[in-house]
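Colleague: Sequence:
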Amino acid sequence: MLLVFRLFTTVFLIMSLVSCQKKDDAKPISSSPIMCSAGEVMGPGVIGGKLLKPEGRIAQSVVALLSGNDQEELSLCTGTLIAPNVVLTAAHCVMNKENRMLTDGVVLFTNDFMCDVIQKKDKSRARRFEEVIVHPDYDNNHPALGNDLAMIRFEQSAPQGFVIMPLAEKYVELTKDRPVYLAGYGKTTEYEIDDESKPMLRLANVRPSARIERFGIENSKTSSQLAFDQSQGESVCAGDSGGPALVMEGGGLQVIGVASIVYNQKEDRTRACQDIVIHTSISYYQPWIKKTLKSLLGTEARKDTK
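Numbering (our numbering), first residue to last: 1 to 306.
Careful, some of the hints might be misleading.
Unchecked claim - The calculated BS3-like cross-link candidates involving lysine-lysine, where the alpha carbons are at most 25 Å apart (straight line), are:
id, residue 1, residue 2
1, Lys53, Lys123
2, Lys221, Lys176
3, Lys294, Lys221
4, Lys221, Lys123
5, Lys53, Lys97
If you are wondering where the hints come from, they were derived from the structure by calculation, not from laboratory data. Remember, predicted model here, so these are calculated numbers, not experimental data.
Model the full structure from these sequences, guided by the hints.
Modeller: The following block contains the structure:
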């Protein structure tokens with residue numbers, strides 16, 4: 001499973017800002033000032049990837065998710081805007097080891113939330129969770145079984161400038177040389193991050209992987225999961241869970257997968273995120289996605305007109 005960062009202080013600060021309440025236990029995220037230098041600082045984000053600027057098409061649809069509960073678990077994940085007030089992500093981003101949902105959280109609309117939301121206190125970029133729905137067959141104790149999807153409806157609607165990212169209606173052929181783009185707010189190295197690190201939105205360029213016998217994945221329309229090769233220097237890792245796999249199709253970008261599991265066939269823990277990443281297939285789960293989106297919206301989902 002793609003690991004999730006524990007960002008207790010960050011969540012307390014953002015939740016306090018959004019709700020206009022002060023938490024007594026909310027401490028500064030760092031003793032040093034947060035630098036807002038147009039993305040020049042290095043921090044957690046896609047390994048080997050490039051920083052996405054806020055005006056780019058992908059940055060207008062990909063969001064950061066900070067979720068937790070009133071007890072212990074808090075995590076950073078990535079999601080994709082699929083309706084004016086709904087985000088698609090991975091189920092394990094909003095589930096703990098006891099298979100309980102982490103329903104208290106915020107959606108952050110910025111490529112650099114440490115700067116925009118924490119430092120600048122711009123609460124217009126944050127939206128609280130209103131409702132979370134996890135695929136009914138997902139089991140957090142057995143993530144390799146698949147079904148790793150969740151949807152989050154958030155308060156109000158996305159800020160101006162953010163647009164819906166289309167989902168693949170049908171399976172998209174994945175030849176071995178076809179570019180696939182993975183976006184997320186996760187780690188930039190295999191090493192643990194420190195308190196000074198800054199989650200920022202980055203993009204990796206990978207290629208489809210060959211069949212993985214252990215999971216029965218062969219990148220076909222009958223497979224519920226898709227596999228991508230991360231061994232060429234760009235890869236997603238902790239914090240990128242729930243982020244999209246994107247391809248160019250029909251003249252524009254489409255989401256074909258949701259980041260779920262990293263798998264190292266050589267069991268080399270020093271390169272845990274630099275072998276294979278498994279995504280939940282969007283086309284395979286279209287019936288559940290459409291049904292759940294309709295339930296969250298209360299009406300038929302509106303199509304993006306941009």
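Colleague: Are the Cα atoms of Lys294 and Lys221 separated by 25 Å or less?
Modeller: With Cα atoms ~24 Å apart, Lys294 and Lys221 stay inside 25 Å; holds.
Colleague: Holds or violated: are the alpha carbons of Lys53 and Lys97 at most 25 Å from each other?
Modeller: 35 Å, violated
Colleague: Is the hinted pair Lys53 and Lys123 satisfied, with a Cα-Cα distance of at most 25 Å?
Modeller: Holds, because 20 Å separates the two Cα atoms, which is no more than 25 Å.
Colleague: For the pair supplied as a hint, Lys221 and Lys123, is the alpha-carbon distance within the 25 Å limit?
Modeller: Answer violated: Lys221 to Lys123 is near 41 Å, above 25 Å.
Colleague: Hint check: Lys221 vs Lys176, CA-CA at most 25 Å. Holds or violated?
Modeller: 16 Å, holds
Figure legend: structure checked against the earlier numbered hints; hints not met, in rising order: 4, 5.
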